[in-house]
Amino acid sequence: MGEIVVDVNDLSRSFGTKDALDHVSFRATVGQVYGLVGANGAGKTTLLKHLLGLLRAATGSVRVFGLDPVRDPVGVLSRVGYLSEERDLPEWMRVDELMRYTQAFHPTWDASFARELLETFGLDRSKKIKELSKGMRAQAGLVAAVAHRPELLILDEPSSGLDAVVRRDILNAIVRTVADDGRTVIFSSHLLDEVERMSDHVTMIHNGRVTLSGALDDVRHGYQRSRVRFVEHFDQPPILDSALAMDGGGRSWSVVHSGSLEQFRHSVLALGGEVVESRDATLEEIFLARAGRNRQQVEVA
Amino acid sequence: MTMGSPAFNVLRAMLWEIWRLTRVEAAWRLAGGIVGAWTVLVVFAAVAPDRPAFQDFGVAIALVVLVVPHITGWISLTRLTGGMPGFPFSLHYTLPVRTAVLVGVPMAYLTVASAATYLVSALLLRLTSGHPFPLMPVAAWIAALTIVLVAANWLSRNPVFWMLSAAPAVAAWVLLADHRLNAEEIQGSFDWPPYLWATRFDFPLTDYAFIGAIALASIGAVVARVARERHGDMRAIPLTFGDPPDDLIGLFRFRCPTSSPTLAQLWFELKSGGLPLVTIGAAVAILNPLIFAVTGYIDAWLSGMYARTFAVMFAAISLLILQFLWHNAFGVRWRRGRWYPSAFETTLSCGTSRLAALKVLVRSVCALAALTLVVVSLWVTLPLLGPGKTYELLRSGQRAIEGGIGALTGYQQLALSVVASIGLVVIVALLAALWALGARYPRRMNRATGSLLLLHCLVLFLLVLNGRRGIGLFVEAMGWIDAPLLLFATIYLTWKVFAERLLSLRSAVGIVLISAAFGAAWVTVLRAAGIQLAGMPTMDAAWMLSPSLLPLMASAVAPWSLSRIRHM
Numbered sequence: 053m054g055e056i057v058v059d060v061n062d063l064s065r066s067f068g069t070k071d072a073l074d075h076v077s078f079r080a081t082v083g084q085v086y087g088l089v090g091a092n093g094a095g096k097t098t099l100l101k102h103l104l105g106l107l108r109a110a111t112g113s114v115r116v117f118g119l120d121p122v123r124d125p126v127g128v129l130s131r132v133g134y135l136s137e138e139r140d141l142p143e144w145m146r147v148d149e150l151m152r153y154t155q156a157f158h159p160t161w162d163a164s165f166a167r168e169l170l171e172t173f174g175l176d177r178s179k180k181i182k183e184l185s186k187g188m189r190a191q192a193g194l195v196a197a198v199a200h201r202p203e204l205l206i207l208d209e210p211s212s213g214l215d216a217v218v219r220r221d222i223l224n225a226i227v228r229t230v231a232d233d234g235r236t237v238i239f240s241s242h243l244l245d246e247v248e249r250m251s252d253h254v255t256m257i258h259n260g261r262v263t264l265s266g267a268l269d270d271v272r273h274g275y276q277r278s279r280v281r282f283v284e285h286f287d288q289p290p291i292l293d294s295a296l297a298m299d300g301g302g303r304s305w306s307v308v309h310s311g312s313l314e315q316f317r318h319s320v321l322a323l324g325g326e327v328v329e330s331r332d333a334t335l336e337e338i339f340l341a342r343a344g345r346n347r348q349q350v351e352v353a
Numbered sequence: 070m071t072m073g074s075p076a077f078n079v080l081r082a083m084l085w086e087i088w089r090l091t092r093v094e095a096a097w098r099l100a101g102g103i104v105g106a107w108t109v110l111v112v113f114a115a116v117a118p119d120r121p122a123f124q125d126f127g128v129a130i131a132l133v134v135l136v137v138p139h140i141t142g143w144i145s146l147t148r149l150t151g152g153m154p155g156f157p158f159s160l161h162y163t164l165p166v167r168t169a170v171l172v173g174v175p176m177a178y179l180t181v182a183s184a185a186t187y188l189v190s191a192l193l194l195r196l197t198s199g200h201p202f203p204l205m206p207v208a209a210w211i212a213a214l215t216i217v218l219v220a221a222n223w224l225s226r227n228p229v230f231w232m233l234s235a236a237p238a239v240a241a242w243v244l245l246a247d248h249r250l251n252a253e254e255i256q257g258s259f260d261w262p263p264y265l266w267a268t269r270f271d272f273p274l275t276d277y278a279f280i281g282a283i284a285l286a287s288i289g290a291v292v293a294r295v296a297r298e299r300h301g302d303m304r305a306i307p308l309t310f311g312d313p314p315d316d317l318i319g320l321f322r323f324r325c326p327t328s329s330p331t332l333a334q335l336w337f338e339l340k341s342g343g344l345p346l347v348t349i350g351a352a353v354a355i356l357n358p359l360i361f362a363v364t365g366y367i368d369a370w371l372s373g374m375y376a377r378t379f380a381v382m383f384a385a386i387s388l389l390i391l392q393f394l395w396h397n398a399f400g401v402r403w404r405r406g407r408w409y410p411s412a413f414e415t416t417l418s419c420g421t422s423r424l425a426a427l428k429v430l431v432r433s434v435c436a437l438a439a440l441t442l443v444v445v446s447l448w449v450t451l452p453l454l455g456p457g458k459t460y461e462l463l464r465s466g467q468r469a470i471e472g473g474i475g476a477l478t479g480y481q482q483l484a485l486s487v488v489a490s491i492g493l494v495v496i497v498a499l500l501a502a503l504w505a506l507g508a509r510y511p512r513r514m515n516r517a518t519g520s521l522l523l524l525h526c527l528v529l530f531l532l533v534l535n536g537r538r539g540i541g542l543f544v545e546a547m548g549w550i551d552a553p554l555l556l557f558a559t560i561y562l563t564w565k566v567f568a569e570r571l572l573s574l575r576s577a578v579g580i581v582l583i584s585a586a587f588g589a590a591w592v593t594v595l596r597a598a599g600i601q602l603a604g605m606p607t608m609d610a611a612w613m614l615s616p617s618l619l620p621l622m623a624s625a626v627a628p629w630s631l632s633r634i635r636h637m
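Sequences listed follow chains Z and E, in order.
Under this note's numbering, the letters of the first sequence match residues 53 to 353, in that order.
Under this note's numbering, the letters of the second sequence match residues 70 to 637, in that order.
Worth flagging that the hints you see were computed from the coordinates, not collected in a lab.
In this text, all values refer to a predicted model and were calculated from it rather than measured experimentally.
Zero decoy hints are in this set.
Stretch-level coverage of chain E by chain Z, calculated; a stretch enters the list once three of its residues show a Cβ under 8 angstroms from a Cβ in chain Z:
#, segment
1, 323 to 333
2, 407 to 413
Simulated crosslink set (EDC-like; lysine to aspartate or glutamate; CA at most 20 angstroms straight-line):
#, chain 1, residue 1, chain 2, residue 2
3, Z, K186, Z, E171
4, Z, K180, E, D302
5, Z, K182, E, D316
6, Z, K179, E, D315
7, Z, K186, Z, D176
8, Z, K186, E, D315
9, Z, K179, Z, E143
10, Z, K180, E, E414
11, Z, K182, Z, D140
12, Z, K186, Z, E137
13, Z, K182, E, E298
14, E, K565, Z, D120
15, Z, K186, E, D302
16, Z, K182, E, E414
17, Z, K179, Z, D140
18, Z, K180, E, D316
19, Z, K180, Z, D140
20, Z, K182, E, D315
21, Z, K182, E, D302
22, Z, K182, Z, E137
Ideal placement from N, C-alpha and C gives every residue a C-beta, glycine not left out.
With the rest of the complex left out, here is chain E:
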C-alpha cells in the first residue's frame, strides 16, 4: 500500500469517518475525566486539609474517576446500529479492503484513542496537581478492557449475548486490578496510596504479554464474525431494540383468533413480546441459582470470591435484560438511521387508545410475571452467598425487607401490591411513551423530559429516605419547577386526549377509578413506612403525593404519544 493508492485512500476515509463519529465523545471523555478528577481532589482537600491519609484516598478516587470515562470509547459508533450491539460498519462490506483491515482499523483506533485520551488527562493532572498519576500501565489496561468491550459489542447483534460477554470482561478486569493493587495489606490505610503507585502500578511483563494476547484474540474473533456477515453466512442487519429473537417467538405456536380485533391484537402482543419476556424471565430465574451454586464450588476450589462476583453481576444484569425487553412497548423500530413506528401496525384498523392500552397492559403483565420469577429466584439464592463480609450489605438488606413486609398488616400488603403492580404499568407506559416521542420529536426535548422525571423520582426517593436533610433548598427549588410542570403536563395531556377523541368518557371513568385506587394505596404505603402527611410542610406533602398523579398522566401520555407516531 502506497500513499495515494486506492487502499490507502479507503483507509484514510475509514479513519476520517471514525474520527468524525467519535470526536465529540472523545472530547467529553477528556473533559469529563479531568474535571471529575480535579473536582474530587479539590473537595477532598477542602474537607480535610490536615488529614493526609484522607487526601490520599481522594487522589485514589480521582484516579478511578479519571479512568472510568475512558473505557467506553465505542459508544458513539452505536448510533450506526440504533444503539444495538453489532459491527457498526456493515455498509463498508463492499469496500475493496480485507476483513482484517475493516475490523482492525476501527478497533485499533478506538483502543489507541481511549489510551491516548487517558494519557493526556493523566499527564495534565500529574503536572498540575503534583500527584503521581500512573501513565503507561493504566493506559495499557484501559486499552485491554476497551478492546475486549469493543469485541463483546461487535461479536453479536444480540444484546443479551453482548451483556453476558461484557460482564465477565469487566468482572475480570476489576478482579485483576484488585489482585494487583491490594496484593499487600497496609494497616490503618487503604492498600494502594499514591506514594506506593510507582511500585503498585509497575506491572510485570507477563501482564503486557497477556494484554497483547487479549487484543489479538479479540480482533481475531471479530474478524471471523464480520467475515461471516460479509459473506452472507450471518445476519448483518441490526436488531430492533427490545425485540426478542425470532426463534423464541417461534416457540409459541397457538393460532391467531379471527373472531375479534382485540383478541387478535392480544395474540400479537403476547406472541411478539409478552410470552418471550416471561420465558426469558423463567430462564433467568432458573439460571441464577445454578450460577450461584456452580460459582460457589469454583470459589471453594480457588479459596476466594472470584467466580461469585460474576454470579452477583449476572444477577444484576438479568434485571437489566428484562428492562430491555419491556421498555419499547410500542415497537418503535430502527431503520435507515432513524426510529420509525411500523407502518404495518400503524395502519391497523384499531383505535389508538385501544392499541396503546393492549400493548402497555400485555407488556406490563408479562413484565410483572417475569420480574416476579427473577426476584423470587434471587431471593431464594441470596442465602447461597455464604458467610463473609463482602456480601453482608445484600444479606442485611434482604433481612430488612423481609422484616418490613412481615410487619405489615394484610391491608397494607394489599396496598403495597397495588402500588407495585400499577407502578409497573405506569413505568412501562411512560417508557413506551418516551421511546415513541423520541421517534417524533427532537432528542434534546426527550432527554430533558426524561431527566426531569428521573430527577423528580430521585428527589422523592431522598425525601422519603432522609427528609429534607441536606436537600432542603433543592426540594424547595425543584418543587416550584417540577410540581407546576407535572400538574400542567397532566392537565394538558388529559385535555388533548379528549380533544383528539382518543379516550372515551367510559375509559376516562375507569382511569380515574384506577388512579384513585393507586392514590389510596400510595398513601397507605407512606403511612406504613412511618411518613405522616399531616404535620408536614405543604411543599413536602405535595412531593409525597405527586406519584398519585402518575397513573392519570400515563393513561393520557400513552395513547397521545402513540397517536403522535401513528399520525406524524
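Here chain Z stands alone, though its shape is the one from the complex:
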C-alpha cells in the first residue's frame, strides 16, 4: 500500500436531527482514483467538505497529508485542487483574472498546462465568469483546480448537469492530471459508468454510512448477476442466500448476489431451481441492489 494521503477515521456529523455522516472511515493512498457514489443526500459532499476543512469533524478525525485541514488550512489547501458542485466562482472575474488570481496562491502553477487546457476547452480568456455557460464555468473551475498540478484533486460531481462533450473534455483533463505520478483524485458522481471508467477504488455511501468500499475490481468480482429458473412458480421473490436484489416473476428471476457463485448455486438448487447464466455485476447493478428499491423487495420477501 502506498503513502496515505487521506485518513478519515470514525467521522460523524449531523445537521439538526439528520445524520449526514455516521461513523465513516475512509482512506486514500497516493496515485489512486477514488470514486464516491451514493444517492442524493447520502453524505458524499459532506465527506468531501470535511477533507477540505469546510466542515469541522463533530466526532472522529480527518487527516489530509497527515494534517488537520481545519487547524492547518494553508498546509492542506496549497496541495489540493477543488472543484465544487456549485462551481462557485466570482461572477465579476474574467477567465484570465481567475487564472492569474489562482496562480498567485500556487507556486507550482503550470502556465503552459493551463493555457493548453483553456485552448482545448475553447474558453475565451476575456469573458467574465457570469457570461459563461454552465459547462464553460465547470471547465474554467477545473482548469483553476488542476493547473497547479495538485497532489490531491477533489471533485464534487464534476460532470453533473453537463452535456456529453463537456463531460468527455473534463474527464480527459482529469485523466491527464492523474497520469502524472503520485496524483490522487477523489471525486463524487451520480454517473456510475463514469465512476466505473475512471476509478481504481469505489466507496458507496448510503444515509451517511459507508455501505461498500474497496478496489473496483474486487467490488465487481464480489457481486454477480445471475439468471435463475425454478420448477415452481413464485409470486414473490424466493428467499436465496446472499441475494441482494431480484427482478422477474414466476419461474424466471434475475438476481444480484454477493459471495461465491457455488454457494449461490446450492441455495438455488435447494429451492428446485438452476442458475442459467452468471456474470460480474456492473457498478450500477450493485448500487441499485444496495441502495435501490429492489433491495427492499428482497428484505420484504
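With the hints as your guide, set chain E onto chain Z.
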C-alpha cells in the same frame, strides 16, 4: 375564472403563501401601533392632566405612532430575496398565470392589509379613547404610500436604485401630508389639533383620484419590470447584500499580481469591493452639491422648501448607501434561502487571520476614503441651504463642530484622527463578524449580541452627553451586565484565536500596540471633551474606558468569525 379552476387554485395558493409570510409582521404592526399609541396617550395624560393643548399634542403624536408601522408591509417578503430589493416571487414565474396577476395579487394584498390593519387599530383606539382618530382618509394615504414603496422595492434588484426611488416617495408623502394638515396656521397651538381632524382629514376627491392613479402606475411599472424578468430580458436573481454592480467592478482594469498571495488577495479586495466603494463615494460627493444647487433653483421658483427636503434626504441616504457597501467585508452570500460564505474564497490556501485582516483593512481604508469625500462634500454644501428656520439645527451643529475642532491642539487633533480611523476599522470588523456569525449561528443569538453592543454604545453616548442624568439606575444595572460580558468575551475570544492558532505572537504584539495607541488617543479625546476620569465613580470610569477594549476584541472576533464560517 371559476371556483375550483386551475387559475383559481393558483390564486388561492398565492394568497395563502403571502398570508403565511406576512402574518407575523401584520400582527406586530397591529400590536405595535395600538400599544405605541396607547402608551403615548397615557404618558401625555399623566404628565399634564390639566393642560388640554398638551394632551391634544399627545393625541397627534399617538396618530403618528399609529400610522408609521403600517407603511412597511412588504418587509417580511424580503426574506425571499435575502433582504435585498426585487420582486420576491421569482419562483412563481413558471406558474400558469398572467404577469399582471402575479404582480397585482401580492401588491393588492399588501396594500389592503396595510390599510386594514391601520383601520382596525384606529377604530379600536377611537372606541376606547374617545379621540377622533381618522379612518378612511388616512387608510387611503397609507395604501398609497405602501403601494409606492412596494413598487420601489420591486422595480429593481439594485439597493441604491431602491433607496433613491423610495426617498422621493416618502418625501412627497410627508410634504403632501404637511401641506394638507398645516394649510391654516393656528396661533398658540399646532395646526392640526384633534378637534379639527374631521375637516383637516376631509381630503378632496382629487386626492383619491391621485391615489388611484399612483396605484395603477405603480402596478403597471412593476408588471413591466417583472414581465422582462419573466422572459429572461433582465436578471431575476437577487444580488448579494453589499456587492457593488459588476459593471462598476469592470471599470478597474489592472492585472492581478501573481508574485504573492497577499498581493493577489489585495487585488481581489480592491477590485471586488474597495475601489467601487471609493468610486460610489466620489460620485455621491459630486452629486450632493449638484442636487443642493438644482433643488435650490427649484425651490426659489416654487417659493418654498419642497425640493430641498429631497436634497437633505439624499444626503442622509448617501451615508447609508456607503454603509451598505462596507458592512459585509467577508462577502457572505445569499443562496437557496440561506447565507453562505463563498466556497471559492474559503478554499483559498491563505491563512484565516491574514484573509480576515486583508478584507477588513482594505474595506476600512476604502470606506474611510469614501466617507471623507462624502463628508467634505456635505460640509461645503451645507452653507447652500440658505437662510431660514428649518435647517438652523444643521447649520448650528456644523458651526459647533467647526468651533470644537478648531479649539483642539495639534496633539488632540491627531488623537481624534486615530480614534476615528481605528474606530472605523473596528466598526467594519465587528459588522463583518456579526454578518459572518449570522450565517453560522441562530439569528436570535446574533440579534441579542448586536442589540447588546448597540445598547452599550447608546448608554455610553448618553453618559458622555449628559452624565448620569435620568439614566443613573440604568447605567448601574447595565454596567454589571455589560462590563463583565465585554471583558469575558474579549478574554474568551483572545484565548480562542490563540488556541486555534489563528493569530501568531507577532501579530498579537501588533494588535496590543494598536489597542494601546487607540486607548491613549481615546483618553486624550475624552479629556479634550472636558471629561475627567479622576473624580468619576468607578463604574462611570469603566464605561468611559470600555471602548478601548474594542480594537482588541475586533482583532480577535474578526479572524475567529471568519474561521467559524470557513470551517462550519
